[in-house]
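**Q** In case you want the letters, here they are:
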Amino acid sequence: MPASWIFLIVVVLAAIGYVLARGRALASAQGDSRHLHSLPSYYGMNAALLTAIPALILLGLWLIAQPVFVEKRAEAFIPADAYESAGQLSLMMSDVHRIAAGLDAAVAQGVLTEAAVTRLSAADDVRGQLGKVGVALGSDVDAAELEAARSFRSLSHTGDLIRDGLVVLLALAGFGWALKQTNKDFRARNAVEKVIKGLLVLAASLAILTTVGIVLSLLFNTVEFFKLYPAKDFFFGLTWSPSFGGGSELGILPLLWGTLYISLIALLVAVPLGLFAAIYLSEYASPAIRGIAKPLIEVLAGIPTIVYGLFALVTIGPLLMKAFGEQGGLGWMAGGTAVMTAGLAMGIMLIPFVSSLSDDIINAVPQSLRDGSLGLGATKSETIKQVVLPAALPGIVGAVLLAASRAIGETMIVVMGAGAAAKLSLNPFDAMTTVTAKIVSQLTGDADFASPEALVAFSLGMSLFVITLALNIFALWIVRKYREQYE
Amino acid sequence: MTDATQFGAEAPKPKTSILELDKRTRKRNAAETRFRYYGMAAVAVGVIFLVVLLGTIVRNGIPAFTQTYITLNVELPAAKLDKKGNRDPAEIAKVTTFGYNGIISDALVTALKDNGVQSDMKDADLRKMLSSSAAAQIRDAVLADPSIIGTTQSFRLLASSRVDGYLKGRVTRESLARDKNLDAAHLDIVDQLQKAGVVSRSFNWSFIFGADASESRPEQAGIGVSMLGSLFMMLVVLCLSLPIGVAASIYLEEFAPKNRFTDLIEVNISNLAAVPSIVFGILGLAVFIQFVHLPQSAPLVGGLVLTLMTLPTIIISTRAALKAVPPSIRDAALGVGASKMQAVFHHVLPLAMPGILTGTIIGLAQALGETAPLLLIGMIGYIASTPPDGIISGFLSPNSAMPAQIYEWAKRADPAYYERAWGGIIILLIFLMTMNIIAIILRRRFERRW
Chain A
1 MPASWIFLIV VVLAAIGYVL ARGRALASAQ GDSRHLHSLP SYYGMNAALL TAIPALILLG
61 LWLIAQPVFV EKRAEAFIPA DAYESAGQLS LMMSDVHRIA AGLDAAVAQG VLTEAAVTRL
121 SAADDVRGQL GKVGVALGSD VDAAELEAAR SFRSLSHTGD LIRDGLVVLL ALAGFGWALK
181 QTNKDFRARN AVEKVIKGLL VLAASLAILT TVGIVLSLLF NTVEFFKLYP AKDFFFGLTW
241 SPSFGGGSEL GILPLLWGTL YISLIALLVA VPLGLFAAIY LSEYASPAIR GIAKPLIEVL
301 AGIPTIVYGL FALVTIGPLL MKAFGEQGGL GWMAGGTAVM TAGLAMGIML IPFVSSLSDD
361 IINAVPQSLR DGSLGLGATK SETIKQVVLP AALPGIVGAV LLAASRAIGE TMIVVMGAGA
421 AAKLSLNPFD AMTTVTAKIV SQLTGDADFA SPEALVAFSL GMSLFVITLA LNIFALWIVR
481 KYREQYE
Chain B
1 MTDATQFGAE APKPKTSILE LDKRTRKRNA AETRFRYYGM AAVAVGVIFL VVLLGTIVRN
61 GIPAFTQTYI TLNVELPAAK LDKKGNRDPA EIAKVTTFGY NGIISDALVT ALKDNGVQSD
121 MKDADLRKML SSSAAAQIRD AVLADPSIIG TTQSFRLLAS SRVDGYLKGR VTRESLARDK
181 NLDAAHLDIV DQLQKAGVVS RSFNWSFIFG ADASESRPEQ AGIGVSMLGS LFMMLVVLCL
241 SLPIGVAASI YLEEFAPKNR FTDLIEVNIS NLAAVPSIVF GILGLAVFIQ FVHLPQSAPL
301 VGGLVLTLMT LPTIIISTRA ALKAVPPSIR DAALGVGASK MQAVFHHVLP LAMPGILTGT
361 IIGLAQALGE TAPLLLIGMI GYIASTPPDG IISGFLSPNS AMPAQIYEWA KRADPAYYER
421 AWGGIIILLI FLMTMNIIAI ILRRRFERRW
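Top line first, the protein sequences correspond to chains A and B. Start counting the first sequence at 1; every next residue gets the next number (UniProt numbering). Start counting the second sequence at 1; every next residue gets the next number (UniProt numbering).
No lab work stands behind these hints: they were computed from the structure. Treat the hints with care, since some could be wrong.
Partial chain B-side listing against chain A, Cβ under 7 Å, derived [said to hold, decoys possible]:
#1 39
#2 84
#3 286
#4 289
Chain A stretches covered by chain B per the calculated footprint, using a threshold of three residues with CB under 8 Å from any CB of chain B [unchecked claim]:
#5 255-266
#6 466-479
Straight-line C-alpha distance at most 25 Å; calculated PhoX-like pairs for lysine-lysine [to be verified]:
#7 385(A) with 180(B)
#8 184(A) with 197(A)
#9 23(B) with 132(A)
#10 197(A) with 258(B)
#11 23(B) with 380(A)
#12 122(B) with 194(A)
#13 168(B) with 322(A)
#14 113(B) with 94(B)
#15 258(B) with 423(A)
#16 168(B) with 195(B)
#17 323(B) with 180(B)
#18 23(B) with 385(A)
#19 481(A) with 168(B)
#20 23(B) with 197(A)
#21 184(A) with 340(B)
#22 411(B) with 380(A)
#23 197(A) with 180(A)
#24 194(A) with 94(B)
#25 180(B) with 258(B)
#26 194(A) with 258(B)
#27 322(A) with 411(B)
#28 27(B) with 122(B)
If you're wondering where the values come from, they're calculated on a predicted model, not measured in any experiment. Beta carbons: idealized from backbone N, C-alpha and C, even for Gly.
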């Protein structure tokens with residue numbers, strides 16, 4: 001039985017539990033709800049929750065755990081000398097999955113009987129027989145794979161059977177227990193609320209779970225990578241030239257340089273523009289202008305990054321080529337994709353980010369500071385430059401750091417606008433590449449996931465995660481410290 | 001005594017007058033004006049960038065919504081399509097699209113002759129004006145209704161992307177010099193046929209509702225199927241992130257005691273909000289695909305990843321909405337005997353709902369435009385050529401999503417695909433704008449000020 005049916009059975013049981021428990025509670029109070037401890041629906045809810053929740057949790061855990069377990073057991077059937085790398089093993093295992101699925105289909109369509117499946121040996125034309133039921137295999141089936149597939153199948157079947165039985169049993173147990181509890185003195189509301197509160201805590205902990213998931217998935221694969229490739233060469237290598245044939249040099253420094261260079265250009269565009277826009281909008285602009293200009297600038301923040309990427313590729317790049325290119329221009333630029341192209345597009349993207357954060361911070365500076373300065377005869381711009389901005393400085397630095405973290409983690413613009421060659425160059429019109437762009441290119445090819453060329457993406461991700469996390473924490477710390485001064 | 005001062009030395013004449021600005025004041029005032037203009041310029045530059053960006057999108061994208069068609073009267077000879085003459089669908093299906101090419105060439109020659117166009121081009125070369133999908137289109141029509149064999153039918157066939165580009169001004173005679181797909185001579189024919197009304201441009205519904213096509217047929221590509229992919233992804237995001245986000249916010253805002261655990265959750269949420277989206281893609285790849293073995297390229301996986309990504313946004317805005325409900329509401333509910341849970345679920349939550357929905361819609365809009373995580377879970381490179389055939393396969397079978405489709409088009413070599421990409425961006429932006437407008441209306445209409 002597929003898991004969805006079990007799910008439905010549990011849900012139906014819970015619904016029945018609701019109706020029965022509610023009726024039972026009312027009956028124990030002779031139909032007068034005033035004698036009950038809680039409202040009648042709470043008794044029903046209690047039964048429904050007790051029936052459904054433990055059973056569904058078990059079902060969920062089982063669905064995650066069983067494939068992992070079965071996979072490990074089936075892998076044991078493949079002799080260790082049949083494969084050279086983990087990648088080859090995973091290819092063989094996907095063959096095993098297909099064979100198992102094919103056997104299932106063959107039994108379901110009546111081409112093979114269960115007994116015939118157990119008798120099947122590698123000498124029989126397994127590939128041909130499975131081809132008949134619409135499962136095409138890439139190669140002939142060898143004995144180990146067939147054995148693994150058979151064990152995979154039988155383990156999955158037994159696992160499914162045990163799962164179905166246990167889940168339904170657990171649901172029934174909850175059902176029975178809830179009905180037994182139900183009488184007019186049972187504190188149903190308290191019980192239900194305790195469960196609901198538990199669910200709320202669970203939902204809130206998902207944030208922790210996500211972080212743990214991110215860290216673990218990055219960490220495991222990073223460790224795996226460092227087993228294949230020395231960490232020293234990764235962190236201090238000056239060349240990035242992956243080749244899937246082996247012998248690649250995977251130094252992070254050129255990528256880091258590209259990332260920082262592009263981010264720097266983006267910040268050089270975004271910070272002055274964003275900051276001046278924020279100052280004008282919060283200190284000078286009339287409410288009418290502010291009401292129009294502020295949302296307009298913030299529209300820039302709502303535009304997806306893919307649009308900026310395409311804008312960089314199709315509009316900014318050719319425009320820069322006209323001015324700085326080799327034909328008719330200054331001859332500094334060899335192609336449309338360059339640090340400058342991506343940096344400018346990213347700068348435009350970050351303007352609203354800087355301006356709305358700075359706007360909030362400038363508005364948070366107490367009016368009394370401005371009044372004091374203006375009262376001493378300073379002009380408005382002097383007040384801003386010598387009083388408001390210094391007071392807001394920590395917050396603005398925080399905003400710039402947050403913008404920098406956004407720039408470092410930005411992907412689509414650099415994938416489309418920055419180029420693919422990893423270079424250590426000072427010329428902003430050279431094509432360079434970034435950490436994020438290389439994560440994408442290393443993980444979207446047909447590479448097998450166990451090779452260092454693919455695993456390096458996880459270490460790049462780890463470096464990216466650590467850098468942005470440090471920037472964010474630092475920025476938030478600065479902003480918080482600043483806030484304490486005035487509140 | 002007072003007189004003495006009157007006749008004494010004259011009081012020193014002040015060096016400056018308050019009626020006349022001195023140099024320093026003028027300098028300060030000039031600096032003031034300058035500073036003000038800097039601010040104005042910054043705002044203006046921001047707005048100009050927006051205008052240029054939107055202008056570029058509209059200018060480049062609008063052509064994708066029209067397409068060039070060639071209307072031909074195609075004779076469908078029974079001798080070629082159904083040799084035995086018994087109209088057996090299985091036998092008609094044996095004639096491949098290749099067999100239809102001759103028929104199309106004949107129809108083109110007839111069309112030229114009828115309209116008095118002189119050309120010494122070979123028949124097979126003439127066919128380059130048409131999309132390579134034309135043969136399949138006629139074949140599908142014949143298979144759907146074998147009775148039209150032996151008659152002459154009028155078909156509206158897609159012109160090739162070069163001809164389409166010529167009518168839209170993208171392709172010129174000079175640019176065709178090195179192009180082996182079409183010659184300048186073709187364009188002379190197209191000019192004459194356009195005057196005769198055989199070649200025409202009309203609104204392209206199949207761009208909005210159609211499926212993606214392979215790299216060589218940009219004229220046929222549409223965004224409809226990936227729109228479905230996005231829809232299924234957004235369903236997953238909505239169904240998961242709204243309940244989980246609201247539950248988490250209720251706990252943090254109403255129940256959480258001030259302790260280490262709560263602090264940990266808070267720190268985590270604010271950090272997750274700033275983690276680069278590509279890292280969520282890596283998480284999705286490692287956990288959902290490698291560990292749990294969910295199918296690659298499936299909208300379900302995309303939805304799960306985007307859920308994790310939007311949760312912090314939704315939690316932050318939901319908490320703000322809950323905080324805005326005044327404590328008096330809670331106190332009144334508690335005062336008449338409600339439990340804390342009842343006070344929250346029966347009173348606070350309904351009052352906070354408009355704010356929560358606004359935040360959710362904005363979170364969804366963000367998720368809809370996100371591309372980077374989708375690259376890693378395999379939604380790029382997949383050609384979304386067939387729509388999913390049911391709700392379950394809509395979630396589980398491979399599909400693309402709108403931003404992923406746009407990226408895919410932008411990557412393809414043929415410049416005709418740039419136009420498609422910009423057109424796709426227009427559709428994506430229309431969706432985003434609608435969502436944001438709904439959010440604004442919700443906020444204006446239902447949000448209460450206490």
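**Q** Could you run down the list of hints and mark each one as holding or not?
**A** Tested hints:
{"no.": "1", "hint": "39", "result": "holds, 3 Å"}
{"no.": "2", "hint": "84", "result": "violated, 30 Å"}
{"no.": "3", "hint": "286", "result": "holds, 3 Å"}
{"no.": "4", "hint": "289", "result": "violated, 10 Å"}
{"no.": "5", "hint": "255-266", "result": "violated (count 0)"}
{"no.": "6", "hint": "466-479", "result": "holds (count 5)"}
{"no.": "7", "hint": "385(A) with 180(B)", "result": "violated, 63 Å"}
{"no.": "8", "hint": "184(A) with 197(A)", "result": "holds, 23 Å"}
{"no.": "9", "hint": "23(B) with 132(A)", "result": "violated, 97 Å"}
{"no.": "10", "hint": "197(A) with 258(B)", "result": "holds, 16 Å"}
{"no.": "11", "hint": "23(B) with 380(A)", "result": "holds, 18 Å"}
{"no.": "12", "hint": "122(B) with 194(A)", "result": "violated, 82 Å"}
{"no.": "13", "hint": "168(B) with 322(A)", "result": "holds, 24 Å"}
{"no.": "14", "hint": "113(B) with 94(B)", "result": "violated, 31 Å"}
{"no.": "15", "hint": "258(B) with 423(A)", "result": "violated, 50 Å"}
{"no.": "16", "hint": "168(B) with 195(B)", "result": "holds, 16 Å"}
{"no.": "17", "hint": "323(B) with 180(B)", "result": "violated, 66 Å"}
{"no.": "18", "hint": "23(B) with 385(A)", "result": "holds, 21 Å"}
{"no.": "19", "hint": "481(A) with 168(B)", "result": "violated, 58 Å"}
{"no.": "20", "hint": "23(B) with 197(A)", "result": "violated, 71 Å"}
{"no.": "21", "hint": "184(A) with 340(B)", "result": "holds, 22 Å"}
{"no.": "22", "hint": "411(B) with 380(A)", "result": "violated, 50 Å"}
{"no.": "23", "hint": "197(A) with 180(A)", "result": "holds, 23 Å"}
{"no.": "24", "hint": "194(A) with 94(B)", "result": "violated, 68 Å"}
{"no.": "25", "hint": "180(B) with 258(B)", "result": "violated, 72 Å"}
{"no.": "26", "hint": "194(A) with 258(B)", "result": "holds, 19 Å"}
{"no.": "27", "hint": "322(A) with 411(B)", "result": "holds, 22 Å"}
{"no.": "28", "hint": "27(B) with 122(B)", "result": "violated, 79 Å"}
Violated hints, listed in ascending order, are 2, 4, 5, 7, 9, 12, 14, 15, 17, 19, 20, 22, 24, 25 and 28; each of the other numbered hints is respected by the structure.
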